[in-house]
Amino acid sequence: MSIFADENTRVVVQGITGKEGSFHARQCLAYGTKIVAGVTPGKGGQKTEDVPVFNCVREAVAVADANTSLIFVPPAGAADAILEAADAGIALAVVITDGVPTLDMIRVLRQIAGRPIRVLGPNCPGLISPGKTKVGIMPAAIHLPGRVGVISRSGTLTYEVVYQLTTLGVGQSTCIGVGGDPVVGTDYLDCLRAFAADPETDAILLIGEIGGDAEERAAEFIREHVRKPVVSFIAGLSAPAGKRMGHAGAIIAGGKGTARAKLAALAEAGVRVVEDASRIGQTVKETLANRV
Amino acid sequence: MNIHEYQAKELFLAYGVPTPRFRVIGNPWEAYEAAQELGGETFVVKAQIHAGGRGKAGGVKVAHGLNQVHQLAMEMSGKTLVTPQTGPAGKKVRKILIGQAVDIAREYYLALLVDRSARAVAIMASREGGVEIETVASKNPGAIFVQRVDPMAGLASFAARNVAYALGLGGPQVKQCAEMVRNLHRLFQENHCSLLEINPLAVDAQGALWAADAKIAIDDNALTSRPDLRRLRDYDEEEPLEIQARRYGVDYVKLDGRIGCLVNGAGLAMATMDQIKLAGGEPANFLDIKGGANKQNVINAFKLLTADERVRVVLINIFGGIVRCDMVAAGILSALREIEVKLPIVIRLEGTNVEEGRKLLAESPYSFVLADGLADAARKAVSALAGETA
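Line by line, the protein sequences give chains S and L. For the first sequence, the numbering used here gives the first residue as 30, with consecutive numbering after it. For the second sequence, the numbering used here gives the first residue as -18, with consecutive numbering after it.
In short, the hints are calculated from the structure, not lab data. Fair warning: there could be bad hints in the mix.
Said to hold, decoys possible - Chain L stretches covered by chain S per the calculated footprint, using a threshold of three residues with CB under 8 Å from any CB of chain S: (1) 130 to 144; (2) 251 to 260.
To be verified - List of simulated lysine-lysine pairs, DSS-like, C-alpha gap at most 30 Å: (3) S:Lys285 with L:Lys196; (4) L:Lys42 with S:Lys285; (5) S:Lys272 with L:Lys271; (6) S:Lys285 with L:Lys37; (7) S:Lys272 with L:Lys37; (8) L:Lys42 with S:Lys272; (9) S:Lys48 with L:Lys284; (10) L:Lys271 with L:Lys235; (11) L:Lys340 with L:Lys271; (12) L:Lys271 with L:Lys284; (13) L:Lys73 with S:Lys272; (14) L:Lys37 with L:Lys73; (15) L:Lys271 with S:Lys285; (16) L:Lys196 with L:Lys37; (17) L:Lys276 with S:Lys48; (18) S:Lys272 with L:Lys258; (19) S:Lys272 with L:Lys235; (20) S:Lys272 with L:Lys120; (21) S:Lys63 with S:Lys76; (22) L:Lys340 with S:Lys48; (23) L:Lys258 with L:Lys276; (24) S:Lys76 with S:Lys48; (25) L:Lys276 with S:Lys272; (26) L:Lys196 with S:Lys272; (27) L:Lys156 with L:Lys196; (28) S:Lys48 with S:Lys161; (29) L:Lys258 with S:Lys314; (30) S:Lys285 with L:Lys73; (31) L:Lys271 with S:Lys48; (32) S:Lys161 with L:Lys271; (33) L:Lys42 with L:Lys60; (34) L:Lys76 with L:Lys60; (35) L:Lys258 with S:Lys285; (36) L:Lys235 with L:Lys284; (37) L:Lys271 with S:Lys63; (38) S:Lys48 with S:Lys72.
All C-beta atoms in this analysis are idealised placements derived from N, C-alpha and C, irrespective of residue type, glycine included.
Given the sequences, and given the hints that come with them, work out the whole structure.
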């Protein structure tokens, strides 16, 4: 199995006629993802990469039976794109867009609360269930089908880590980038809960970074609810306080959100923490081997 | 983006938040007249820098009479303040706020912020004001009251009153406090704040509330569509290289080490810095060329990081995804053709189009130290540095 996306995932790409949207639609199609529709208001009736383009998500759902949306809409329109996906009955909206104001995200997430839609991101690389589907912008070739669940706030660092796993022959059930913004639709807890319940995930790798308290909350959740082995790395041990390190969410503020504190919380919850990023893959492999 | 106390207080005044009268001066000789215009006997003289902890560093003083205002302003102006938040280099005082002092009977704490896990704006209040809220949070977390705001319904009247009651206010103060909280919340929402803090929220001898201090940070993501907020940026408070980086569309933070890094992705950029440290070196910067980077971004980023004269070794770590390795390699080669760089350059490429990228580097007239993996890259950068400084 896998979580959130699998061979039944039917994707509509919102913003498919843009440069990024069309490029990544092509990449996903090449991986075997069922991209069944694209949406760009005013461009309905066209085709991009042999994918039919509709004016609105509702039409994409009605005609092409889409159940998942991949959003490349620019920041100013991203909130509306999420609302539109929710309104059309989409089950999972993956928001790649970087630069959405935090207060806009807060409002949108509240507006869709109670609806059967999961939002992943914004400012995230998406997710991939190797061998089944890729709904995101990650390079497909580095992934290998298998039984490790990967959760991360970062994009390229996840590629780095997945590459280490694959090189060592350790495959992945699903790899999820939750996004680097302070407020995101799907958090670590949602992913941990799903991986813990997934019979085909044997171990979980959590890649965190400085800022906020999501890793601390994850540690608490793991201690209480996760019986599978968890390995974790936190980026930013060398980051100075008070400076935003690229991601809007990656900032040590008021002495809170340091990598050291997060590592300590995770270690205390029984998580195997790694401080050397080059040894993350190896540590996961050892953890799987030692599993009883 | 952080803004100055005086800019935050100007927003307060625009939103009807009671704020002691003040003037901002750029030249200490203006202090005397500024205080004279404000009137009164007692004044505060406050250094306007983007860092907390000013008080202990001598950046906040109380003056009695106009002559003392002048004297303190003369002392403070041009001084470099070192606080726990400025780093060892400190920050130079270029602007000074002269304000009417509040006859403070009590000090409270009030803040609005983004509660990430609740996905809502939260109001934080404490009766223990005037001290660092982090200290209160660790020693006596029960002393901090939190009221979350429903993102759809907005701030309800009862919620605003709850803040007043949590502060132990009574009588007409409840109404004044609730109105203040409502105005601050409107300010927060309309100006895309990520943090708004008043410490202390002062109560004077007559029981009136005053925003004696003000701190506001604005969500960088909101700046694109808000020129009015962009104009609040003070370039004096920023690293010139960081200003340049923003224009180039890359994320850059200057640090104190000697190994300059160029990486794609914020997480990988941090992990690269960590790996340098683990190998016994110090990173000179954080630099993320970002996902949508093109060749020109790479050229600019390379020039930017080599413009830092502390940099002795360059470490390029690219894990190609959207960003292709051959594009990065081509960008580096173009930059090297434009500017003379004598520093050793360690390059690690992996991912999309890695073979094409390595081929471009190998066929170029320049020499690079090629690395295989994250740890190898960091080790080679550190040993190249040892060779440079030997």
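Go through the numbered hints given earlier and state which of them the structure violates, listing their numbers in rising order.
-> Per hint list: zero violations.
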